[in-house]
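Visitor: Mind assembling these two chains? They're in different frames, but the hints should get you there.
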Amino acid sequence: MSDLGTKRLQGRVAFISGGLRGIGLACAERFLAEGAEVVLSDLDAEDSDTATATLARLGQAASYVRANVTSEDDWVRAVQAVQERHGAVHILINNAGTDLTGAVETLKLEDWRKIMSVNVDGVFLGTKHFVPLLAASGAAVKGGASIINVSSIMGLVGMSEVSAYNASKGAVRLFTKSIALEFAQKKMPIRANSLHPGFVLTPLLNAGFQRWVDAGAAEKVQDLIDSMAATTPIGRLADPAELASAAFFLASSDSSYMTGAELVIDGGWTAQ
Amino acid sequence: MTARLEGKVALVTGGTTGIGAAAVRRLVGEGANVFFTGSKEAEAAALCAETGAQFRALRVQDAASWPGLIEDVLAAYGRLDIAFANAGTESGDASIEDVGIEGWNNVVAINQTGVMLTVQHAIAAMKRNPEGATGSIIINSSMNATRPLGNYVTYSVTKAAVCALAKSAAVHCGQKGYKIRVNAILPGVVETPLIQQIMNAQADPAATRAIYEGMAPMGRMAQLEEISGLVAYLASDEAGFISGAEIAIDGATTAGMMGV
Ligand SMILES: NC(=O)c1ccc[n+]([C@@H]2O[C@H](COP(=O)([O-])OP(=O)(O)OC[C@H]3O[C@@H](n4cnc5c(N)ncnc54)[C@H](O)[C@@H]3O)[C@@H](O)[C@H]2O)c1
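Line by line, the protein sequences give chains A and B.
Going by the working numbering, the residue at position 269 of the first sequence is 269; the numbering climbs one at a time, nothing skipped.
Add 272 to a position in the second sequence, counting from 1, and you land on the number used in the working numbering.
Extracted from the complex, chain B is given alone in its bound form (with noise of 0.2 Å):
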């Protein structure tokens, strides 16, 4: 069990910083080879020295620069077997009222039309692994896709729709014969350096953190860590059996109401 991901090729976008980093740390630590994307130069470098993962900048929207990626991986590892769908913003986003076109279409291409086009082509990757169509492919959406904040309406959107996409797919999939899982991810406050930052940037940090820690019945945010244990469990053969599946990792927030 110490390396439960040896000999396993993995794609994780998004992976400069935050739930994405730590996901290359933890899937590179179970002994996987990783590859991940983003566009935060100097994090990646670091990243790749600490880690020994490569990296291609790449916008995940950008659906020409996809295949290029693709044969980037083969070429190097010669298969895949597993992708994080993790890259996301929100960026632009506002209530239903205030948001723009711009806006709105930002959030969308990335969060929306990225994990499309991540899943699209890890399927077509995974497809050309030598024992045939085998694979794990997570998509990060959020615990906002079943409790949409009124402030951010197209991040509410497009991680909803990514539960629907993992499921589409997780049929499909299975319809066609691939040994492909396809899952969705639901994290609730993670503490991000991004979270940190904004409240660091406070005039009372410490109020801040405690409206961040107290959104959950737990009483504090996750640790990056603990995203990406579900992460290299959903990624292993351990978790066989399970397509098609949207997993709340979110200490008990959309479990139901604090009582009184």
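Extracted from the complex, chain A is given alone in its bound form (with noise of 0.2 Å):
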């Protein structure tokens, strides 16, 4: 039962990008919690307000790189700090994500290549360049290091005016089985599997569904936030530590033989 108990990340290290807020900032909450070190990378400038309250709160396991997704820059220099701080990496959490929705003859090409680039290029260049740290680090770890990849219920079904976030999502879910097969076959020590969330009250959410606010679907965030839990069987939005228990699951030994697979946490939304 060498599973159980606390701190079962211990000697772990994570990278997670998008990390400063919502999901990715639960992951890292829960991942400390666990006994791992982790480093966060998002968009905001390293002395930023947001980065050093956020460090304080953490603590000392926890340290910060700024790094756009998009630029591959800007992945060499994450880790290259990664391997500077702790020299291995066995959880790397690809987090950062935008939306975008509208009517598709109104989408502007320059948008769809933006959230495209975060969303699919941001995963592809994660694990393009933390591959080799991850498959030296994984071997000494059971079950090996995990790629985690966010995508979405957005990435399984589709919904009306979301084609850009829904194409991109779709994305995430095949890149991550694919990966996942590429490393299986070549016995490397990474399992890849993708996380779909519903509706999470986080950040992103709320800004999106503002949009639909603006747009006049609705007179306030609230009452969208409530039609979606009356839709949703559980009858209420995610908690991002739900998320982040998910991910932690997805991190941890427990799942050693998960790689390839997709993990809805959803409550019942896509069963219906």
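Calculated from the structure, these hints are not laboratory results.
Glycine is no exception: its CB is placed at the ideal position from the N, C-alpha and C atoms.
Worth double-checking, as some hints may not be accurate.
Here chain B is said to cover these stretches of chain A; the calculated rule only asks that three of the stretch's residues, wherever they fall, bring their Cβ under 8 Å from a Cβ of chain B [what the hints assert, rightly or not]: (1) 175-183; (2) 226-238; (3) 254-267.
Guide: Right under this line is the structure:
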């Protein structure tokens, strides 16, 4: 029963993109509580109030590197920073993401390219640049290193006026399956799985709902939250901590036979 | 986190051997009180002695014996929080051309009707929890729900059917306002005692092992503890927003095709 007890990620290093808010931040908090060392990245400057205040709160085992997931140079710097600080990485969460909604004929190509570059290029580049260090570190932990790519239920089912986000998250889903097969076939000690959150109470969701409100879809954000809760079998939206516990499961040795799999955390939304 | 399931009561069907027995051990290890069912009395007695779990002989497809089992669980512990519908068989199964009606009926009775009865009676018991309807139900489907086997038509069909059952029950519980989650897990080839027996009975056990191991891109079979890790996670409150999900645990077997 070696997987029981607290501090189940003791001795492991995690890298989380988009780690200053929402699901990424919740993952950082949970991983730290389980004894991991965590490197966060996000768009904010390293001396920004958000970055410094977050690090002060998270404590010694957390550190930060500014990196735009769309920039290959930033990923190279991020890997260097992790290499220098810890010499290893066991968990990579490609979490940074953005959204875009609107009728397909009104979408601007530059906005389409932006969401594809954050949600798809970002996952590709993170994987590409961290694989050597993950492969070198993974053999030391039971179940190997773990890549967790944050897709969405919007990577599983379509929704009206969500075409660009749907396309980007669907890409993450199949990218993850392909790399899982690739690592398994080459006997590399890296697992890769995709996480498919339903509606989660985060800044991203708030901003997205605000745009629907501005477009006249509802009177206020809370009305949209209430109506989403009503259409979710469990009757509520998710707390970011519930996504963090799923990421923790996929990061831990407990999920050692899971690779190429999808973990859907949506309160039954896609079951209906 | 040491005892995520402290104070919870669990029911495991087909718990005397294999995945079910491993789940009994793990659920007990995380603090749950466990009842398990099955038919192998000797194995059951040993597992009870080892873990302190309680055993009742039960044929899952026997509708008449379910209310009595549930009353026993509630009499012993006053509640039910976790049900793992694990009992399953391929006994009597064959290809679509060869399967006989008895074989078909036997596999449907255990794998499909038995799971339906487990879920139905678990919900009824969970509704009687003092704080209201709460709980987590986990159905053991199989990767063959999405990748059916040519030589096991009934097994494949029933394993797909219980995925729909999990979703239907999850949606129903939501609509009724029950805090009961229902999910299906889809394991790949697991190194159970049954598989070990099959391998060892072959002229060349090592070659047979290699065939089983080669089915998964990961190049090995799942160990029993790896399935119980997922069961324990889904059983715990940590999975509080997961319902109606199908979760593959198959070393990438169903993720796609191996490269060249
Ligand atoms: N909130 C939901 O309901 C929901 C549902 C399904 C999927 N998701 C996915 O979960 C992930 C996290 O979302 P969240 O809700 O926590 O969002 P969030 O906006 O609260 O957090 C995302 C973080 O990513 C960062 N980020 C954005 N673009 C970046 C870039 N180019 N480089 C680096 N960092 C960048 C942001 O600064 C932010 O800190 C996203 O991939 C999102 O698509 C969210």
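Visitor: What are the numbers of the hints that this structure violates, sorted from low to high?
Guide: Of the numbered hints given earlier, the structure breaks none, since each of them holds.
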